[in-house]
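Line by line, the protein sequences are chains V and U.
In terms of this note's numbering, the first sequence is residues 149 to 375.
In terms of this note's numbering, the second sequence is residues 149 to 375.
Check before you lean on any hint, since a few could be wrong.
The list treats identical chains as interchangeable, and a pair is accepted whether it falls inside one copy or across any two copies.
[Unchecked claim] Keeping only pairs whose Cα atoms sit at most 25 Å apart, straight-line, the calculated DSS-like set for lysine-lysine is:
no. : residue 1 : residue 2
1   : K360      : K371
2   : K265      : K371
3   : K333      : K371
4   : K265      : K360
5   : K333      : K274
6   : K342      : K327
7   : K293      : K371
8   : K333      : K157
Source of the hints: derived by calculation from the structure; they are not laboratory data.
There are 2 protein chains.
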Amino acid sequence: MPEKKEYPKPAVTVDIVIFSIIDKKLKVLLVRRGLEPFKNMWALPGGFVKMEESLEEAAKRELHEETGAQDIYLEQLYTFGQPDRDPRDRVITVTYMALTNSDKIKLHADTDVSEVKWFSIDEIPKLAFDHPKILEYALKRLRWKFEYTSVAFSMLSEKFTMSDIQSIYEIVFHKKFDKRNFNKKIRSLNILNKESIKKDVSYRPPKLYSLKKNIPEVIEIIKLSNS
Amino acid sequence: MPEKKEYPKPAVTVDIVIFSIIDKKLKVLLVRRGLEPFKNMWALPGGFVKMEESLEEAAKRELHEETGAQDIYLEQLYTFGQPDRDPRDRVITVTYMALTNSDKIKLHADTDVSEVKWFSIDEIPKLAFDHPKILEYALKRLRWKFEYTSVAFSMLSEKFTMSDIQSIYEIVFHKKFDKRNFNKKIRSLNILNKESIKKDVSYRPPKLYSLKKNIPEVIEIIKLSNS
């Protein structure tokens with residue numbers, strides 16, 4: 149028999165930062181809280197972990213319940229546990245990040261939230277709890293992943309043009325890149341397949357690409373840290 | 149008043165993976181459990197988070213209580229929360245990783261553990277809970293950090309020779325590197341200062357180096373992922 153011993157029990161939540169590129173802007177999905185504390189304030193979607201579900205299952209369930217989003221790849225970010233981060237109780241939160249093509253999400257506010265909406269990261273309202281810190285952490289991770297992995301391509305359609313790629317890098321880094329150098333760098337990585345394009349148009353159509361399979365987990369797409 | 153609402157409460161622990169290079173081997177610090185469950189089995193040092201301490205404070209306290217280790221830089225790794233990972237109860241664990249020069253640690257087993265010892269990662273005993281999975285995750289992160297950050301240098305003395313660096317890379321990756329190419333690669337990064345060396349010895353002393361300040365957070369030290 150396991151020995152009985154007393155130990156303290158905090159509550160545990162999951163909170164999810166979902167990014168998407170919409171109307172040429174980097175946006176994050178927020179919910180308006182329907183319950184205290186911070187009732188009516190905007191917050192990241194999330195909620196308490198149930199005893200019988202894993203952390204990732206909890207994140208997927210909360211995301212679906214609060215926003216309607218489904219079938220989204222989630223990546224664990226960081227666990228925040230300052231003793232005073234929630235006025236109700238000791239609440240530790242395990243945070244997740246997701247990138248999505250916003251077409252995949254049919255928004256509908258549901259349990260515990262009164263509204264759900266995409267916000268440009270330049271126009272984030274005052275957020276509940278320590279959610280500003282969580283969002284800042286997620287943004288840092290997102291930019292890091294854009295530099296060092298091919299994750300950016302998951303925000304594009306399966307076939308894309310070189311200017312589609314350049315565009316999302318410019319949006320995420322808030323910065324213009326020289327077209328020729330950018331194209332040259334991306335091509336040098338040898339991670340793209342050329343796709344056939346329809347020839348029956350009168351103008352010259354842009355070249356289409358798709359991402360190769362089995363590219364390395366870490367690959368320096370573009371170097372910005374030193375610039 | 150915050151609205152009262154019932155929510156489930158799991159227990160939360162921290163577990164710590166500390167790596168060091170000892171006798172030319174990569175080692176991890178383990179404790180022998182003094183209590184059930186898994187009494188007498190080896191495990192990562194760790195324990196329950198107290199209500200008034202942050203997660204990092206909990207990790208530092210447990211590390212000190214169980215092993216005597218103090219003043220060690222910790223980095224959060226990942227939070228593991230499968231519902232069945234602890235036979236006692238629903239226990240979610242927030243894991244941390246540390247790298248240290250083993251000279252800094254004076255080992256002494258204390259609360260809840262009967263023994264504390266460095267194990268070579270080639271000779272890890274059967275571990276309690278899901279600790280094999282946590283250790284595997286930590287090893288992956290360690291190797292990744294050796295490839296893409298200057299963290300390896302924190303395991304060396306302040307002044308070191310080029311063969312000291314090569315040696316810890318060979319130990320961590322279980323692989324021999326060509327001396328000339330390795331030196332050339334490290335030198336090309338421009339992250340080292342040359343240190344003066346004593347000339348009053350009859351043999352030719354090896355060149356000494358130290359790590360420059362303010363080098364980028366992410367820097368490709370050596371490329372292994374594709375090889």
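A quick look at each hint next to the structure:
Taking the shortest Cα distances, K360 and K371 sit within 25 Å of each other both inside one copy (21 Å) and across copies (20 Å). Taking the shortest Cα distances, K265 and K371 never come within 25 Å of each other, neither inside one copy (33 Å) nor across copies (42 Å). With identical chains, the CA atoms of K333 and K371 are at most 25 Å apart both within one copy (10 Å) and between copies (18 Å). Proximity of K265 and K360 under a CA criterion of 25 Å is satisfied in neither setting, with 33 Å inside one chain copy and 46 Å between copies.
Neither within a single protomer nor between protomers do K333 and K274 lie at most 25 Å apart by alpha-carbon distance, with minima of 39 Å and 47 Å respectively. Taking the closest pair of Cα atoms, K342 and K327 come within 25 Å of each other only inside a single copy of the chain (18 Å); across copies the shortest separation is 40 Å, beyond that limit. Within a single copy, K293 and K371 get their C-alpha atoms as close as 11 Å, and across copies as close as 17 Å, so both meet the 25 Å cut-off. Taking the shortest Cα distances, K333 and K157 never come within 25 Å of each other, neither inside one copy (51 Å) nor across copies (50 Å).
Of the hints listed earlier, those the structure fails to meet are numbers 2, 4, 5 and 8, in rising order.
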